[in-house]
Amino acid sequence: MLRIENLHVRAAEREILKGLDLEVPAGEVHAIMGPNGSGKSTLAQVLAGREDYQVTAGSVKLDGLELLGLAPEERARAGVFLAFQYPIEIPGVNNAYLLKAALNAQRQARGEQAIDAFEFMKLIKTKMELMEIPKDFLTRSVNQGFSGGEKKRNEILQLLLLEPRLAVLDETDSGLDVDALKIVANGVNSLRDPERSMLLVTHYERLLELIVPDRVHVLAGGRIVKSGPRELARELDARGYDWVLAEARGG
Amino acid sequence: MTAATLEREIAARQQRLGDAEPWRAAALGDFAAAGLPTPRRENWRYTNLQPLAASAFEWAPPEPDRAAIAAAAGLLEQSPLLRSAARIVLVDGHPVAALSTPPARGIEVRSLRDHWQSFEQRYSARLRAAEHPLAALNTALVGQGIWLRIGADVRTEESLHLVLISSDKTAVASQPRTLLEVGAGASATVVQHLLDLGDPAGWINGVTQIDLAAESTLSLFRLQQHGSRQTHTALLSADLAANAALAVGYVDLGGRLIRNDVDVRLREPGAAAEIFGVFLAAHGQHVDEHTRIDHLARETRSDEAFRGIIGERGRGVFNGKVVVHRDAQRIDARQSSDNLLLGDHAEIDTKPELEIYADDVKCSHGSTVGELDAEQLFYLRSRGVADAVARAILTQAFAASVLERIRAADVREHALALVGASLGRLAAGSAS
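Protein chains in written order, with numbering that gives the first Met the number 0: chain A, 0 to 250; chain B, 0 to 431.
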């Protein structure tokens, strides 16, 4: 499970997260919602180990292991996966190469042998079918020339392949049409597992109709100001955030 | 044979030469008058050859002995590409028949020695010593050379490999000369390999001249894998007739001091040249790429792309000159120079030079100097790829995007593998 305590994060001279507490038990899917600029994406990036942010206090533990201070690759090997809001294009590196390198890095960390080409193809083929990704994808450069929807599906494909302990999905629904959203949701739902925690960072309630969360949290002003069951997402969708913020200010 | 400095050697040769080879005497005189290029010449601002003047070299390298030929054979055997390829092998400038394969049908391989007169008239006279003093030096001291003639309409599928091997004798100065003549409508791929036995500290001063007849096509790829002490100065000079197409791809991985000059003249309408290269420089290596493309006729095209990877204490230079002459209308010229600086005290000077005397032209150029992309690096690391491995992957990808222009798949794969291995050594901390 993921346990975040009193997390303070700065970027340049601005404090973005100001004492954030959050727990996502194993087997649960939690959603983080909140107004623009509340720190949602910062939280996602900090969990993955982005070095542009300065963590000034707090603790982030995954299954008891302190993640703060670990390099991004060490976190990935400990089971953290971030699906990027804006997946990066890497011309000259093809998808098959990246997927194999990522998978083998994890296998190596677990003391397993590198996957052979045949086994890899078998593994990736069914996952590509689930995500409705065409065959020529493997030989194409990572995310280069992909549409917004293709990039997001590629993120979920990597998620399916790496089977992390903690999946953080940063605005995975943004820029997706209804069909692509369904494909992405199917992929994510297929990974729900008693051993896995998932954190969905999103603006929109529509994703949460397809990936139904166990808890919904509102992040505002650098803290979780309200938490509730899935119905909270619908209420936020209908009423906006002002009432939550007023409630938080009033104590 | 004893080693001598350049100045002494030139003086001695001027005394020795009779009237038998007047063109040699003329070239010697031209070179003596011009001298080694100094940084005072604009074209040589960043590259100083003066330390060569103080060094003693063996100017007439002896034929390779059995040990050298055996070592060269071993080198060929190690290379999956060269092991069973059509090839011409030279050791210290001497063709080695035992290591070479007979030429394919339609390809004639001559020795310059047997055709001095036509060589002089058709080739050596074309290079002006004032412009290219090192080419005059090459002409003055050249040994046998290789003269390849590809007959009209001969279209070869298989690449021909020219393997130039330097032996491990210390301080040999060799003057390889290659002439590539491609007949009308013919098509060929030639790959030059520059290899060393051991880690010699010599000086290779090469000249390659290319003559493409109308509608002919030549791809010339050069894979330079010298050891860490070698100096290599090279001029490639090409003339293209109507609708001829030339592709030149350079991969520079080794050597201490590398200076390449590429001069291409698009003489007749429809001629097109693609020039690209990848160079690595680190740990005291100095690599200087100077190109010049002359658009002399209408509807000619040039497309140039160089990528430099400069590691710790590496020095790179790129200068790309494009001259569009009067009446060369409706031409298209593109140029890019992209460079990665990967360590402390890494330095690159990159400069496009456009001279345009026609009005209906499309010219573009761009150059970048930067580090690895932080976003790409984070993305790979967030997938569990170690920092050093992620850097190697991205650096290799940077080179690969230019090497993809090598159309011969086996050569392309070989070049990618060589770059990968060199990047590994670059990261590990030693040159070549």
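Source of the hints: derived by calculation from the structure; they are not laboratory data.
Watch out, some of these pointers could steer you wrong.
What the hints assert, rightly or not - List of simulated lysine to aspartate or glutamate pairs, EDC-like, C-alpha gap at most 20 Å:
id, chain 1, residue 1, chain 2, residue 2
1, A, Lys150, B, Glu374
2, A, Lys225, A, Glu4
3, A, Lys150, B, Asp372
4, A, Lys17, A, Asp51
5, A, Lys99, B, Asp326
6, A, Lys150, A, Asp115
7, A, Lys126, A, Asp115
8, A, Lys134, A, Glu111
9, B, Lys361, B, Asp326
Only a predicted model underlies this, so the values are computations on that prediction, with no experimental measurement involved.
For each hint, the structure was consulted:
1. A:Lys150 x B:Glu374: 15 Å, holds
2. A:Lys225 x A:Glu4: 16 Å, holds
3. A:Lys150 x B:Asp372: 19 Å, holds
4. A:Lys17 x A:Asp51: With Cα atoms ~17 Å apart, lysine 17 (chain A) and aspartate 51 (chain A) stay inside 20 Å; holds.
5. A:Lys99 x B:Asp326: Roughly 54 Å between the alpha carbons, so the hint for lysine 99 (chain A) and aspartate 326 (chain B) is violated.
6. A:Lys150 x A:Asp115: Given that 20 Å is the threshold and the Cα spacing comes to 26 Å, the pair is violated.
7. A:Lys126 x A:Asp115: Roughly 17 Å separates the two Cα atoms, so the pair holds.
8. A:Lys134 x A:Glu111: 28 Å, violated
9. B:Lys361 x B:Asp326: 14 Å, holds
Consistency note: the structure conflicts with the earlier hints numbered 5, 6 and 8.
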